[in-house]
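With chain B held as given, fit chain X onto it using these hints.
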Amino acid sequence: GAVVSQHPSRVICKSGTSVKIECRSLDFQATTMFWYRQFPKKSLMLMATSNEGSKATYEQGVEKDKFLINHASLTLSTLTVTSAHPEDSSFYICSARGQGQSFSYEQYFGPGTRLTVT
Amino acid sequence: EDQVTQSPEALRLQEGESSSLNCSYTVSGLRGLFWYRQDPGKGPEFLFTLYSAGEEKEKERLKATLTKKESFLHITAPKPEDSATYLCAVQSGSARQLTFGSGTQLTVLP
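Note that the protein sequences, when read in sequence, are chains B and X. When the letters of the first sequence are read in order and numbered with this note's numbering, they come out as residues 1 to 118. When the letters of the second sequence are read in order and numbered with this note's numbering, they come out as residues 1 to 110.
Pulled out of the complex, with its shape left as it was, chain B reads as follows:
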């Protein structure tokens, strides 16, 4: 149980284009989803938190117009990197926290998406 998938696992795009990454909770309903960015040999950096049906909350320093997050259903959240540039190249990971787990705060992570902007 508690499986989270991400698609695509790897994407290469040209500078100036937009890329959409999907995050799905496969066997549970996720009231809250989180998007992280991870640099090589570094820990996870939280970018934003999204609750189903409401606007995402972005961490300080994260451009909300560049990193568009949509959490349209209890099983799907998307991250769109708009007008991507080489400095946006990174490993993006989503996580999900389930509905009805009032005493459980575990986040389950997806396998990550490697974005390379050329």
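Note that these hints are calculated values from the structure, not bench results. All values derive from a computational prediction rather than experimental measurement. Built from N, CA and C at the ideal position, the CB exists for glycine as well. Mixed in with the good hints, there may be bad ones.
[Claimed, not checked] Here are the simulated EDC-like pairs of lysine to aspartate or glutamate, each with C-alpha atoms no more than 20 Å apart in a straight line: (1) X:Lys69 to X:Glu9; (2) B:Lys14 to B:Asp88; (3) B:Lys66 to B:Glu22; (4) B:Lys20 to B:Asp88; (5) B:Lys42 to X:Asp39; (6) X:Lys57 to X:Glu45; (7) X:Lys59 to X:Glu45; (8) X:Lys63 to X:Asp39; (9) X:Lys59 to B:Glu106; (10) X:Lys57 to B:Glu106; (11) X:Lys59 to X:Asp39; (12) X:Lys63 to X:Asp82; (13) X:Lys79 to X:Glu60; (14) B:Lys42 to X:Glu9; (15) B:Lys20 to B:Glu52; (16) B:Lys41 to X:Glu9; (17) B:Lys41 to X:Glu45; (18) X:Lys63 to X:Glu15; (19) B:Lys41 to X:Asp39; (20) B:Lys66 to B:Asp88; (21) B:Lys14 to B:Asp65; (22) X:Lys42 to B:Glu106; (23) B:Lys42 to X:Asp2; (24) X:Lys63 to B:Glu106; (25) B:Lys64 to B:Asp88; (26) X:Lys42 to B:Glu22; (27) B:Lys41 to X:Asp82; (28) B:Lys42 to X:Glu45; (29) X:Lys42 to B:Asp88; (30) B:Lys64 to B:Glu52; (31) X:Lys59 to X:Glu15.
[Unchecked claim] With the Cβ distance kept under 8 Å, some of the chain B side facing chain X (calculated, not the full set): (32) Leu46; (33) Tyr108; (34) Pro111.
Leaving out everything else, chain X in the frame of chain B:
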């Protein structure tokens, strides 16, 4: 502000050589402390949640313990497949999200 410090940054063990990883934390009202395992190029894999001091959890060769200031991840007779980065994170009562430590990169040599 919640803070999590993991030590050591890197640890090399011989197969079968038991050891412990440390996670020291400062939070305002601990809701939970989490251990994850992350393999290169993969997302973190959930291992344990600990909620209160004195709690212990085990899974195969791993055992996690919790005090009011720190948590230990004990690895008994490790195998090469236990090689990974182990991440510790806390959830406090005032925060919406997890605060992660920088991780311990474990290498188990055959």
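Tested hints:
With a C-alpha separation of about 19 Å, the suggested pairing of X:Lys69 with X:Glu9 holds against the 20 Å cut-off. For a cut-off of 20 Å, the pair hint linking B:Lys14 to B:Asp88 stands: about 11 Å separates their Cα positions. Among the hinted pairs, B:Lys66 with B:Glu22 is consistent with the structure: their alpha-carbon atoms are about 16 Å apart, no more than 20 Å. For a cut-off of 20 Å, the pair hint linking B:Lys20 to B:Asp88 stands: about 13 Å separates their Cα positions.
Restraint check for B:Lys42 and X:Asp39: satisfied, since their Cα atoms lie roughly 13 Å apart, inside the 20 Å limit. Using a Cα cut-off of 20 Å, the hinted pair X:Lys57 and X:Glu45 holds, with the two alpha carbons roughly 16 Å apart. A C-alpha spacing of about 13 Å is found between X:Lys59 and X:Glu45, which places the hinted pair at or below 20 Å, so the restraint holds. For the hint pairing X:Lys63 with X:Asp39, the CA-to-CA distance comes to about 19 Å; that is within 20 Å, so the pair holds.
Restraint check for X:Lys59 and B:Glu106: the C-alpha separation of about 17 Å stays at or below 20 Å, so the hint holds. Proximity of X:Lys57 to B:Glu106 is assessed by CA-CA distance (about 15 Å); at most 20 Å being required, the pair is judged to hold. With a CA separation close to 18 Å, the supplied pair X:Lys59 and X:Asp39 stays within the 20 Å bound. A distance of roughly 13 Å separates the Cα atoms of X:Lys63 and X:Asp82; the hinted pair therefore holds under the 20 Å criterion.
For the hint linking X:Lys79 to X:Glu60, the alpha-carbon distance of about 11 Å falls within 20 Å, and the restraint holds. Proposed proximity of B:Lys42 and X:Glu9 is supported: the alpha carbons are some 11 Å apart, at most 20 Å. Annotation: proposed proximity of B:Lys20 to B:Glu52 holds, straight-line Cα distance about 18 Å (limit 20 Å). For the hint pairing B:Lys41 with X:Glu9, the CA-to-CA distance comes to about 11 Å; that is within 20 Å, so the pair holds.
In summary, the hint linking B:Lys41 to X:Glu45 is supported, as the alpha carbons are separated by about 17 Å, within the 20 Å threshold. Restraint check: the Cα-Cα separation between X:Lys63 and X:Glu15 comes to about 17 Å, which is no more than 20 Å; the hinted pair holds. Between the alpha carbons of B:Lys41 and X:Asp39 the distance comes to roughly 11 Å, so the proposed pair stays at or under 20 Å and holds. Between B:Lys66 and B:Asp88, the direct Cα distance comes to roughly 10 Å. Compliance with the 20 Å bound is thereby established for this hinted pair.
A hinted pair counts as satisfied when its Cα atoms are at most 20 Å apart, and B:Lys14 with B:Asp65 qualifies at roughly 19 Å. Taking the CA atoms of X:Lys42 and B:Glu106, the gap is near 18 Å; set against the 20 Å cutoff, the hint holds. Distance check on the hinted pair: B:Lys42 and X:Asp2 sit about 18 Å apart at the alpha-carbon level, within 20 Å; holds. As the CA atoms of X:Lys63 and B:Glu106 are separated by approximately 18 Å, the hinted pair is consistent with the 20 Å bound.
For a cut-off of 20 Å, the pair hint linking B:Lys64 to B:Asp88 stands: about 14 Å separates their Cα positions. A distance of roughly 16 Å separates the Cα atoms of X:Lys42 and B:Glu22; the hinted pair therefore holds under the 20 Å criterion. Annotation: proposed proximity of B:Lys41 to X:Asp82 holds, straight-line Cα distance about 18 Å (limit 20 Å). Distance check on the hinted pair: B:Lys42 and X:Glu45 sit about 16 Å apart at the alpha-carbon level, within 20 Å; holds.
Only pairs whose Cα atoms come within 20 Å are accepted, and X:Lys42 paired with B:Asp88 is accepted, the gap being roughly 19 Å. A threshold of 20 Å between alpha carbons decides the hint, and for B:Lys64 with B:Glu52 the separation of about 17 Å falls inside it, so the pair holds. For a cut-off of 20 Å, the pair hint linking X:Lys59 to X:Glu15 stands: about 18 Å separates their Cα positions. For B:Leu46, the suggested interface contact is upheld, since its CB lies about 5 Å from the closest CB of chain X, less than 8 Å.
At a threshold of 8 Å, the smallest CB-CB gap from B:Tyr108 to chain X is about 6 Å, leaving the interface hint in force. The interface hint given for B:Pro111 holds, since its Cβ lies 5 Å from the closest Cβ of chain X, which is under the 8 Å cut-off.
The structure meets every hint from the earlier list without exception.
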